[in-house]
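J.: Input sequences plus hints: build the corresponding full structure.
The first sequence maps to residues 1 to 117 in the working numbering.
These are computed hints drawn from the structure, not numbers from a lab. All figures in this text were calculated on a predicted structure; none of them were measured in a lab. Where hints are given, some of them may not hold.
[Stated by the list, open to error] Listed next, the in silico DSSO-like pairs over lysine-lysine satisfying Cα-Cα at most 27 Å (straight line):
#1 K56 with K36
#2 K104 with K36
#3 K56 with K21
#4 K36 with K21
#5 K36 with K25
#6 K25 with K87
#7 K25 with K89
#8 K21 with K75
#9 K87 with K36
#10 K56 with K75
#11 K87 with K75
#12 K89 with K104
#13 K56 with K87
#14 K87 with K21
#15 K36 with K75
#16 K21 with K104
#17 K104 with K25
#18 K89 with K75
#19 K87 with K104
#20 K89 with K21
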Amino acid sequence: MIKSINDKNADFFENVFAVVKLIPKGRVSSYGAIAKYLGSAQSSRMVGWAMNASHKMDGIPAHRVVNRQGLLTGKMHFGSPTLMEEKLKLEGIEVVNDQISNFKTLYWDPSIELNID
DNA sequence: GTCTTGACGTTTA
DNA sequence: CTAAACGCCAAGA
Numbered sequence: 001m002i003k004s005i006n007d008k009n010a011d012f013f014e015n016v017f018a019v020v021k022l023i024p025k026g027r028v029s030s031y032g033a034i035a036k037y038l039g040s041a042q043s044s045r046m047v048g049w050a051m052n053a054s055h056k057m058d059g060i061p062a063h064r065v066v067n068r069q070g071l072l073t074g075k076m077h078f079g080s081p082t083l084m085e086e087k088l089k090l091e092g093i094e095v096v097n098d099q100i101s102n103f104k105t106l107y108w109d110p111s112i113e114l115n116i117d
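T.: What follows is the structure in structure tokens.
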């Protein structure tokens with residue numbers, strides 16, 4: 001469980017990394033969902049920016065994070081434009097034309113799955 | 001120190 | 001219905 005979320009002392013990036021790490025295998029989440037979960041519903045851009053910083057970090061499954069449409073918009077930042085898609089496929093996620101087919105089914109919303117009290 | 005860009009999402013025209 | 005602008009915060013030039 002993420003305890004630092006309520007703590008304003010925690011950095012936005014850390015919160016993003018924490019949530020992304022919590023994404024179950026074979027599931028995907030959206031920048032907006034994470035941003036909203038962190039309290040910055042309209043700051044989805046920052047989530048993407050945080051992901052960019054995750055490049056130098058390990059254990060950040062950024063490939064499980066896509067945009068609201070389920071499109072692999074950030075695939076180009078994985079070193080290879082196909083690396084993200086391949087990784088998702090390895091987890092059993094069906095990707096067609098850089099888009100997740102069963103995105104609606106694989107969608108993982110932190111504010112719902114984590115069940116906040 | 002100021003301006004532009006950015007892995008998005010929502011709202012208005 | 002589609003198209004465009006706005007908002008949000010941060011970092012690079």
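J.: Are K104 and K36 close enough, with their CA atoms no more than 27 Å apart?
T.: holds, 18 Å
J.: Run the distance test for K36 versus K75: straight-line Cα separation, threshold 27 Å.
T.: Status holds; Cα separation ~22 Å.
J.: Holds or violated: K87 and K75, Cα atoms, limit 27 Å.
T.: holds, 10 Å
J.: Is the hinted pair K25 and K89 satisfied, with a Cα-Cα distance of at most 27 Å?
T.: Cα-Cα ~11 Å, so holds.
J.: Is K21 close enough to K75, meaning Cα to Cα at most 27 Å?
T.: Within the cut-off at roughly 18 Å; holds.
J.: Is the Cα-Cα distance between K104 and K25 27 Å or less?
T.: Roughly 15 Å between the alpha carbons, so the hint for K104 and K25 holds.
J.: Would the pair K89 and K21 pass a check requiring their Cα atoms to be no farther apart than 27 Å?
T.: Answer holds: K89 to K21 is near 18 Å, not above 27 Å.
J.: With a cut-off of 27 Å on the C-alpha distance, tell me whether K87 and K36 pass.
T.: Measuring from Cα to Cα gives roughly 25 Å; hence the hint holds.
J.: Does the alpha-carbon distance linking K87 and K104 stay inside the 27 Å limit?
T.: holds, 18 Å
J.: Need the status of pair K89, K104: alpha-carbon distance at most 27 Å?
T.: The hint holds at about 16 Å.
J.: Given the hinted pair K21 and K104, is their alpha-carbon gap at most 27 Å?
T.: holds, 20 Å
J.: So if I understand the rule, the pair passes when the alpha-carbon distance is 27 Å or less; does K36 with K25 pass?
T.: With a Cα-Cα distance of about 21 Å, the restraint between K36 and K25 holds, given a limit of 27 Å.
Hint compliance for this structure: every hint is met.
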